[in-house]
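Student: One letter stands for each residue in the lines below.
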Amino acid sequence: MGAQATPTENTLPLRPADFSTLAEALDYAALGQTGCNFYNGRGELYEALPYARLREEALILARRLAGLNLERESRVALVAETNPDFMRFFFACQYAGLIPVPLPIPFSLGSHQAYVRQLRAMLKSCKPSIAMAPEGFASFLSEATEGLEIQYFGTPDDFDELPEVGTDLQPLRSHELAYLQYTSGSTRFPRGVMIKQAAVMDNLAGIAQHGVKLRPGDRAVSWLPFYHDMGLVGLMLTPVASQVSVDYLGTREFAMRPRQWLGLMSKNKATISFGPPFGYELCQRRLRPGEAEKFDLSAWRVAGVGAEMIRTEALDRFAEALAPAGFDKGAFLPCYGMAECSLAVTFAPLGQGLKTDVVDADRLAYDSLAVPSSSTVAKEVRKFVDCGHLLPGFELKIKDDHGNELPDRQIGTVYLRGPSVMSGYFEEPGITQEVLSEDGWLNTGDLGYLVGDRLYLTGREKDLIIVNGRNIWPQDLEYLAEQQPEVRPGDALAFGVPGPNGGDLTVLVVQCRETDDAKRKDLLNRIRSRVRSEVGVDCMIELVPLHTLPRTSSGKLSRSKARQNFIATHDFSMIGVGNSEEQTRPAADRRAI
Amino acid sequence: MKSYEEILAELINLIRPMVPNANELSPDMELVDNLGLDSMKVMNLLQEIEDQFDVSIPLNVLPDVRTVGDLAHKIHQILERE
Numbered sequence: 001m002g003a004q005a006t007p008t009e010n011t012l013p014l015r016p017a018d019f020s021t022l023a024e025a026l027d028y029a030a031l032g033q034t035g036c037n038f039y040n041g042r043g044e045l046y047e048a049l050p051y052a053r054l055r056e057e058a059l060i061l062a063r064r065l066a067g068l069n070l071e072r073e074s075r076v077a078l079v080a081e082t083n084p085d086f087m088r089f090f091f092a093c094q095y096a097g098l099i100p101v102p103l104p105i106p107f108s109l110g111s112h113q114a115y116v117r118q119l120r121a122m123l124k125s126c127k128p129s130i131a132m133a134p135e136g137f138a139s140f141l142s143e144a145t146e147g148l149e150i151q152y153f154g155t156p157d158d159f160d161e162l163p164e165v166g167t168d169l170q171p172l173r174s175h176e177l178a179y180l181q182y183t184s185g186s187t188r189f190p191r192g193v194m195i196k197q198a199a200v201m202d203n204l205a206g207i208a209q210h211g212v213k214l215r216p217g218d219r220a221v222s223w224l225p226f227y228h229d230m231g232l233v234g235l236m237l238t239p240v241a242s243q244v245s246v247d248y249l250g251t252r253e254f255a256m257r258p259r260q261w262l263g264l265m266s267k268n269k270a271t272i273s274f275g276p277p278f279g280y281e282l283c284q285r286r287l288r289p290g291e292a293e294k295f296d297l298s299a300w301r302v303a304g305v306g307a308e309m310i311r312t313e314a315l316d317r318f319a320e321a322l323a324p325a326g327f328d329k330g331a332f333l334p335c336y337g338m339a340e341c342s343l344a345v346t347f348a349p350l351g352q353g354l355k356t357d358v359v360d361a362d363r364l365a366y367d368s369l370a371v372p373s374s375s376t377v378a379k380e381v382r383k384f385v386d387c388g389h390l391l392p393g394f395e396l397k398i399k400d401d402h403g404n405e406l407p408d409r410q411i412g413t414v415y416l417r418g419p420s421v422m423s424g425y426f427e428e429p430g431i432t433q434e435v436l437s438e439d440g441w442l443n444t445g446d447l448g449y450l451v452g453d454r455l456y457l458t459g460r461e462k463d464l465i466i467v468n469g470r471n472i473w474p475q476d477l478e479y480l481a482e483q484q485p486e487v488r489p490g491d492a493l494a495f496g497v498p499g500p501n502g503g504d505l506t507v508l509v510v511q512c513r514e515t516d517d518a519k520r521k522d523l524l525n526r527i528r529s530r531v532r533s534e535v536g537v538d539c540m541i542e543l544v545p546l547h548t549l550p551r552t553s554s555g556k557l558s559r560s561k562a563r564q565n566f567i568a569t570h571d572f573s574m575i576g577v578g579n580s581e582e583q584t585r586p587a588a589d590r591r592a593i
Numbered sequence: 001m002k003s004y005e006e007i008l009a010e011l012i013n014l015i016r017p018m019v020p021n022a023n024e025l026s027p028d029m030e031l032v033d034n035l036g037l038d039s040m041k042v043m044n045l046l047q048e049i050e051d052q053f054d055v056s057i058p059l060n061v062l063p064d065v066r067t068v069g070d071l072a073h074k075i076h077q078i079l080e081r082e
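Chains A and B, in that order, are what the protein sequence lines are.
The opening position of the first sequence corresponds to residue 1 in this note's numbering, with each subsequent residue numbered one higher.
The opening position of the second sequence corresponds to residue 1 in this note's numbering, with each subsequent residue numbered one higher.
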C-alpha cells in the first residue's frame, strides 16, 4: 500500500521503439521515470514497477539464470499471469540470452486436467530448459512437466534463491530470437511462433510511429493476457520500447468487473487501450444506468479494436453509452494482425473511427466480389470495416485458390511479406512450409479484399471458430467426440455458424451407429460435458447416420460443406446453445448432411 | 466466522437467480454441466461472491471447482486463511 503509480510525463525524450533489441529498449526506458503499474480487481494499485527497477531486477535475475549454464537461446517457459514477476522473467531472459515462452493460465471451472494437458503439449513443443510458474500455479506446472526433461522449474521465489554469478551478460542480439509465442494454434497441436529481435523491433517501431503515433503524454491501460500477441507485443513490449507508462488489470479481474477498465482509464487519464470487440461489449452490457457520467474518458484517443472480425453494432453501442463520459467514437482504431507477423499488420488512420464498406450480399456470396451497394434492406448487404493500410515494410497480395493475384474488390486469401514476419514455427518445418514460402510470403488463411491501399477482411482462416473473442480449433472438438467409445476417427466434424449476437455458435456433427434413444442422449451428454470442461465452450451437437458427413472431391471430410449444409437446413432463430436431444434430433433425421 | 453450511446457503442464494429453470439446488450439482453456467455467468458469480463474502478468489482455485459444494468449500478455506 502507499504505492504511487509511475507518472505519465517522462524526463526523457520519447524514442518510439527505434532500438535494435528488446534489451536495448529497456536500457533506454530505465533512464526515465515511467513504468508499469498493477491493479487488483477493486481498482487499487498493488505494485508500481518503474522501468528503471524492472531493468535492475531483470539484470539480477539474469545473473542467477546465467549460473544455470544453459545453452544460448534455450527456452524458458513462463506461466504468464498478469504480474510484475512475468515481466521480470521476460526481460531477464533478454539479458541472459535465453528465449522466453509465455504460457497461458486457466480461467474455466473444472479445467484442471485439460489445462495440465495443454501446458504439457506446449512444453513438449518448445522443450524448455527451465520453467517458471507463479506460486498458485506451481502444482499445475509440476504435473505438466512430469517425465519431461526440464533442468529446473519453480516459482519466482525459488529462482530468487539461486546464486548470482559475476559473468558478463550477453543479451539477445538482433539476429537472435526474441520469444516464442503459442497464442495461436490448436491446444492439441500447439505451434510456437518464432519471432526474432529484428522482427519484433520492426513491428514495435511500426506500431509506435505509424499505427498509434505515440507522443509525450500518452498512457496505456491493458487487461489483455501477457500470453496473447496483443497483450504481450502491443501492450507490454510497445510501452517499454516507447517509454510509455501503462496500467495493468488482470484478465480475470476484467471479466469479473469490466467497468474497472473504464475506472482505470479515467483515473490516470489514459490515452490508449486495445481490446477485442467482445471486451467493449462486455463493458457496455455491465454499465449501470446513469453511471457513464462518473467516468472521464475524454483523454482516450486510441481505442484499438482487433483480434477478431470487427462487427460495428456492439462498438457503436459502447460509444453511445459512454458518450456522456466524453468517449469519442473517432477514437476507435480498427487494426489487423496476428502472432505470425509479430503483431500488427494494418491500422486504420487515427481519428477515422469505424468506417464501413457496404457491399451487395449476393455478389459477395456467389461471385466473391465486393460491389458497393446503396440498398437499405439489411438482408441485401454486408458491411465490412476498413482495417486501414499496411505498416511500412509490409507487402500484401490478395490471391485466389490458384495463386493468381486478384484486383481490387475481389475476395481472396491475404498473403503478407515483410520484416515483422515470423521465422517459422518452432521445430515444425513441415507446417512452416505450408504457410511460409521460400521467398518469405506468409499465407495468413484470412479472406479479404483491397480498395486502393485499404484492407477489408471478410472471413478468417477457413475452419477457425471464434467464441467470445477466443479462437477454437475444430480439430480439438472433433478429437473430444472421437474419444468416446462409440465414435471413430473421421466420424466428427466441428465448425462455427453465425450466432444471434454476432459471434459464432459452435456445432459438432457426429456420425452415430446407435439407435437407442437413451444411449444417444448419453453420448450427447458425455461429448457436451467434455467440450465444456476441456475447451470451455457450449456446443450444439447433432448426431447423424453413418456415411453422411460430406467429403471433398479428393475424399477428405469437408468442414465447409458440412457447415453450408447445416446453415441451409436449420432455422437459426430457433437455435440456442446446448440443445437437448429433442431439439437436435429432428433436424438430423430430416436429411442427410 | 461462517460455517460451511452458512456459506453454502448464501452461495445457493447467489446462484439461484442465474438458473431460473433449475429445481432444488444441491451441493453436488456441477455449475457448468448441470446448471449450465457459461463463462460470463461464472465471472458474474465470482464477482458477487467476492462482494458478498468480502474475499478475493485467487485465479488458481477455478480449475478444481466443479460443483456448488466445491465452490462453497473453497470460499470456506479462503475465509479461514484470512
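Some hints could be false.
[Claimed, not checked] List time: in silico EDC-like cross-link candidates among lysine to aspartate or glutamate, alpha-carbon distance up to 16 Å:
1. A/Lys-383 with A/Asp-362
2. A/Lys-213 with A/Asp-439
3. A/Lys-521 with B/Asp-64
4. B/Lys-74 with B/Glu-24
5. B/Lys-41 with A/Asp-362
6. B/Lys-74 with B/Asp-64
Read the hints as simulated data drawn from the structure, not as lab findings.
Student: Would you mind marking each hint as holding or not holding in the structure?
Tutor: How the hints compare with the structure:
no.: 1; hint: A/Lys-383 with A/Asp-362; in the structure: holds (13 Å)
no.: 2; hint: A/Lys-213 with A/Asp-439; in the structure: violated (31 Å)
no.: 3; hint: A/Lys-521 with B/Asp-64; in the structure: violated (27 Å)
no.: 4; hint: B/Lys-74 with B/Glu-24; in the structure: violated (22 Å)
no.: 5; hint: B/Lys-41 with A/Asp-362; in the structure: violated (38 Å)
no.: 6; hint: B/Lys-74 with B/Asp-64; in the structure: holds (9 Å)
In this structure, the earlier hints numbered 2, 3, 4, 5 are contradicted, and the remaining ones agree with it.
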